[in-house]
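Could you put the whole structure together from the sequences, leaning on the hints where they help?
Each protein sequence line maps, in turn, to chains Z and L. Numbers 1 to 373, taken from my numbering, label the letters of the first sequence in order. Numbers 1001 to 1361, taken from my numbering, label the letters of the second sequence in order.
For the record, the hints were derived by calculation from the structure and aren't laboratory data. Careful, some of the hints might be misleading.
[To be verified] Some chain Z residues judged to face chain L by a derived CB distance under 10 Å, without partners named: (1) Glu271; (2) Ala275; (3) Val315; (4) Ala330.
[Unchecked claim] Partner residues are not named here, just some residues of chain Z that face chain L (Cβ under 7 Å, in silico): (5) Phe102; (6) Asp106; (7) Leu224; (8) Leu336.
Just so it is clear, the structure is predicted and the values come from calculations on it, not from any experiment. Glycine included, every Cβ here is placed at the ideal spot set by N, Cα and C.
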Amino acid sequence: MTDHALTSAPHPVAPFPPTQPTPRQRLALSHARALWGALFGTPVNAAITLACVAVLAVSLPPLVRWALVDAVWSGPAERCADGGGACWAFIGEKLRYILFGFYDQDRQWRPLAATLILLGLAGMSAAPLFWRRATLGVWLVGLAVALLLLCGLPDGPPVPTERWSGLPINLLLTTIGMIGAFPVAVLLALARRSRMGGLRSLAVLFIEVTRGVPLIAVLYVATLLVPLMLPSGLTIDKLLRAQVAIILFVSAYLAEIIRAGLQAIPDGQYEAARALGLTYWGTMRLVILPQALRTVIPSIVNLTIGLFQDTTLIVAIGLFDVLNTARNAAKDPAWLGFYTEAFGFAALIYLTVCVLASRYSLWLEARLRRVER
Amino acid sequence: MRSLSHSSPPPHPTSPTNAKGLAPRLLIAGALSLALGLALTGAAKAGPTLDAIKARGTIKVGVGTQPGFFSPDSNGRWQGFFVDFGRALSIAVFNDPDKVQFIASSPQQRLPSLQSGEFDILLSGVTQTFTRATKLGFHFGPVVFYDGQGLLVPKKLGVTKGKELNGATVCVQTGTTGELNITDFFRQNKITFKPVVIEETAENQKAFASGRCDVLTQDSSDLAITRTLLPKPDDYVLLPERISKEPLAPAIRYGDDQWLEIVNWVVNATIQAEEFGITQANVDSFLTSSDPGIRRFLGVDPSLGEAAKLDPKFIYTIIKTVGNYGEIFDRHVGPKTKVALERGHNALWTQGGLLYAPPFR
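And the structure:
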């Protein structure tokens, strides 16, 4: 390629156009053809392409002008009122509040560290290199450290969970939700495929009832009904109640995913394990579950993305996740009404996390397909 | 202040809704009514609130989220009109404005949460009503804010009174008492109107801003904020009429008379201080007053504090820390703030308002 380019570059018109393009050129050409075909290959495609271009042409310039050209990047709220664009100064002023909410201002390194630990753990477990037993231990240690940090321990006065808010809440509810739901879900999935009728019926009942109820109703029950059922004087922390509700809710969905994985294992595997003299639990632990779980990892990633988005529902029970802190940031009379910027920023956080996770999920599926071959 | 003051449980089993949404709504409605039912049987047994507060070392105050009334500032510290009353209570009980924990609560869950003991007091702008006081089992303290449904109109209509709105188009939210009130108002005045009924608050405001209707009706505290968010706030005016009564008062559970009295007299003290002319700035100069009423009030003569088993100077500290009623009002929702509310009904009785504190003796 380089040789060819060097020799042909000085000539404005190549005297002998190469009849045989190099493989790279051929590849580029086929890409271009495919792209052209996708965009304008048929009249319908062409129409869709033109419509999209038209929509972008209409919507993009005002958006760019609002978000970039006319935007106010710093200064007091009054300056934003004068400019016609987005008020990113608002996000600058409120960033700490949106991310960490009511947490003590002089100790905000704690939620920051907890957030980084949780993100780090998630990032680490994304690499197949770390899909091993020891990772579980790292997770438990990491979670314990994150929780201790948020609690304000070991040094200094404890921070009540009412003041935990913002992004750490979303991450905490998601990660503990998935990890807590996992053992429950495995047992539920096994029970649902069990030959013991009573056990199977109970598992079916729990799974179907939970899946038939929206998460928000489960949260309401945990917030409003549970405290009334407890003996007077005994109170359970509201965040903990929400967390337990989320674990139980997610476990029903996760159980169905795992059950699908179990069904994908051919009978021969069970028979072979039994022939080796393994017990039921030995069969499951050593032979069936490792294979079943591996096949459903992409589905589990999907469920996690969904759960991360669903954690914002805790706004209904008066907890402040990152979407709720963003919204309330715009209710400060000093910075009143910058809802578009607030929601835009929260959307950006969700979008970043979810796009990363879904790209990862795609990559993972491709990788697993390769491994199977 | 719709979200604040009309807090019938949100799921309206009878409201038109699609089949998909109905089941969860019914379920939540069931859960809520069950919650209230259970709560009523449990209420009598609950221990005295004040003991729990003292044992815990903080007061748990349920609040809402509305600019000027309660909103977190950039440091994550709650600020607002109702919030200052929470701080005043903390001073009365602990002699410290920060021994108070504000817990945000949605309109749907605040009453059940108060009932289940999640808060010691609900300062979220609840309308005092008969059924809430009797059937639901809540005591109400003195009204801290007289709200009511108002009418916002563009100035260019040249209207100064609601009665002049014959034939007007009115934007109103569906499924609220607002719709009923506005219909009654026009019928009583024997004039007609065309309702534009919209479900979403934000959509409602957008419709008004774009000129689809001549009048926007909501609780006046909401309208004041809506007005500041309109593209040209000065082109609109809030008419003086209030077509419904929404007295917003602190709510507590049955079963702790002493706690109720502390709430009563803390609110009354801020009102009485304004009547005396005692402010955050000049309170110290009143300490040397020879007026026995003021000496009792500020705790120079400790008889009141002793009778209430509180720090004798609790009123002095409250005025010094958060100010009198008028100062609290002006700081958070008064004419100089973005909320820009006039005192209206919330002025002292001596100035044509409804605020009247019983005597401190």
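Against the structure, the hints:
Among the interface hints, the one on Glu271(Z) is violated; its C-beta lies about 44 Å from the nearest C-beta in chain L, farther than the 10 Å criterion. A hinted interface residue such as Ala275(Z) counts as satisfied when its beta carbon comes closer than 10 Å to some beta carbon of chain L; here the least separation is about 49 Å, so the hint is violated. Interface restraint check for Val315(Z): the shortest CB-CB distance to chain L comes to about 8 Å, inside 10 Å, so the restraint holds. Against a cut-off of 10 Å between C-beta atoms, the interface hint on Ala330(Z) holds, since the closest Cβ of chain L lies about 9 Å away.
Proximity of Phe102(Z) to chain L holds as hinted, the smallest CB-CB distance being about 4 Å (cut-off 7 Å). A distance limit of 7 Å between C-beta atoms decides the matter here; for Asp106(Z) the minimum to chain L is near 10 Å, and the interface restraint is violated. Using the Cβ-Cβ criterion of 7 Å, the hint placing Leu224(Z) at the interface with chain L is satisfied: the shortest such distance is roughly 4 Å. For Leu336(Z), the suggested interface contact is upheld, since its CB lies about 5 Å from the closest CB of chain L, less than 7 Å.
The structure fails to meet hints 1, 2 and 6 from the earlier list, while all remaining hints are met.
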